[in-house]
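Colleague: Sequence:
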Amino acid sequence: MVAVNAPYVAGFLAFREVPFLVEALQRLERKEPGLRPQVLLVDGNGILHHRGFGIACHLGVLTGLPCVGVAKNLLQVDGLANDELHKEQIQDLQAGGDTFPLLSTSGKILGMALRSYAKSTKPVYVSVGHKMSLLSAVQLVHSCCRYRVPEPIRQVRTGFQVEGWCWRPQAKGPADLPICRVSCRLTLRVVVDLMAARRLQTWR
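The sequence shown maps to residues 61 to 264 in the numbering used here.
Treat each hint with caution, since some may be false.
Within a straight-line C-alpha distance of at most 30 Å, the following computed DSBU-like cross-link-like pairs (lysine-lysine) qualify [said to hold, decoys possible]: (1) LYS132 / LYS182; (2) LYS191 / LYS168; (3) LYS91 / LYS147; (4) LYS179 / LYS132; (5) LYS147 / LYS168; (6) LYS179 / LYS147; (7) LYS168 / LYS182; (8) LYS132 / LYS191; (9) LYS168 / LYS132; (10) LYS132 / LYS147; (11) LYS179 / LYS91.
Derived DEER-like restraints, expressed as beta-carbon distance ranges [what the hints assert, rightly or not]: (12) GLN199 / ALA84: 37 to 45 Å; (13) SER166 / ASN133: 35 to 43 Å; (14) THR165 / ARG90: 43 to 51 Å; (15) PRO93 / GLN154: 29 to 37 Å; (16) LYS147 / GLY124: 32 to 40 Å; (17) THR165 / LYS91: 40 to 48 Å.
No lab work stands behind these hints: they were computed from the structure. Keep in mind the model is a prediction, meaning the values are calculated, not measured. Beta carbons: idealized from backbone N, C-alpha and C, even for Gly.
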């Protein structure tokens with residue numbers, strides 16, 4: 061548990077929550093330096109934001125880690141609206157992994173709506189946070205999904221234990237990975253090792 065003193069203000073979530081996330085990552089690095097994450101998934105937005113710089117961008121810049129924003133609801137900003145057209149586009153997502161771009165009024169792609177799970181009728185909204193392309197971000201999020209919400213975020217939110225797999229630089233592929241299961245209760249809204257995401261593909 062952490063004490064949050066700053067009030068919640070829409071569009072300024074990072075100022076309320078990022079300091080605790082950075083502190084938690086610093087504690088992890090001190091206690092388990094070999095478990096430094098290669099990528100962070102954040103329950104929030106990246107460049108899909110009123111000022112183009114959401115919590116996933118903020119956290120990524122402060123930590124220097126690749127970061128991806130994953131939101132459950134559409135942030136209606138810069139021409140994006142949860143209107144009939146948007147609902148029709150959602151209906152056109154037929155299979156897990158299907159996407160459509162989220163375009164600003166100027167035509168800039170702010171993120172992607174992703175049908176992350178075949179049986180889900182609601183997409184998640186993926187946006188770039190830091191040091192990662194949108195295509196890679198979408199592929200990573202989809203790889204982590206057993207259900208609608210990416211597994212690392214879902215398990216943290218529901219209080220389950222998260223199992224991670226340690227990656228070693230000398231490994232040439234998943235078959236060469238010595239698996240080191242690390243069970244811990246994460247206090248973050250952030251996530252795991254990139255190789256853990258590859259392991260999660262076998263769950264779907």
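Colleague: The structure should be examined with respect to each hint, and the outcome stated for every one.
Modeller: The hints, checked one at a time:
Of the supplied pair hints, the one linking LYS132 and LYS182 holds, its CA atoms being roughly 8 Å apart against a limit of 30 Å. Using a Cα cut-off of 30 Å, the hinted pair LYS191 and LYS168 holds, with the two alpha carbons roughly 18 Å apart. In summary, the hint linking LYS91 to LYS147 is not supported, as the alpha carbons are separated by about 46 Å, beyond the 30 Å threshold. A threshold of 30 Å between alpha carbons decides the hint, and for LYS179 with LYS132 the separation of about 16 Å falls inside it, so the pair holds.
About 20 Å separates the Cα atoms of LYS147 and LYS168, which keeps this hinted pair within 30 Å; it holds. A hinted pair counts as satisfied when its Cα atoms are at most 30 Å apart, and LYS179 with LYS147 qualifies at roughly 17 Å. Pair hint LYS168 plus LYS182 holds up; C-alpha atoms about 23 Å apart against a cutoff of 30 Å. Annotation: proposed proximity of LYS132 to LYS191 holds, straight-line Cα distance about 22 Å (limit 30 Å).
Proposed proximity of LYS168 and LYS132 is supported: the alpha carbons are some 21 Å apart, at most 30 Å. About 15 Å separates the Cα atoms of LYS132 and LYS147, which keeps this hinted pair within 30 Å; it holds. Our distance criterion of 30 Å between C-alpha atoms is broken by LYS179 and LYS91, whose separation comes to about 39 Å. The supplied range of 37 to 45 Å is broken by GLN199 and ALA84, whose beta-carbon atoms lie about 26 Å from each other.
About 23 Å separates the C-beta atoms of SER166 and ASN133, a value inconsistent with the hinted range of 35 to 43 Å. A hinted range of 43 to 51 Å for the beta carbons of THR165 and ARG90 is consistent with their spacing of about 45 Å. PRO93 and GLN154 have their C-beta atoms about 44 Å apart, which leaves the hinted 29 to 37 Å range violated. For the pair LYS147 and GLY124, the supplied restraint of 32 to 40 Å holds, since their beta-carbon distance comes to about 39 Å.
The hinted window of 40 to 48 Å between THR165 and LYS91 holds, with their beta carbons roughly 46 Å apart.
When each numbered hint is compared with the structure, violations occur for hints 3, 11, 12, 13, 15.
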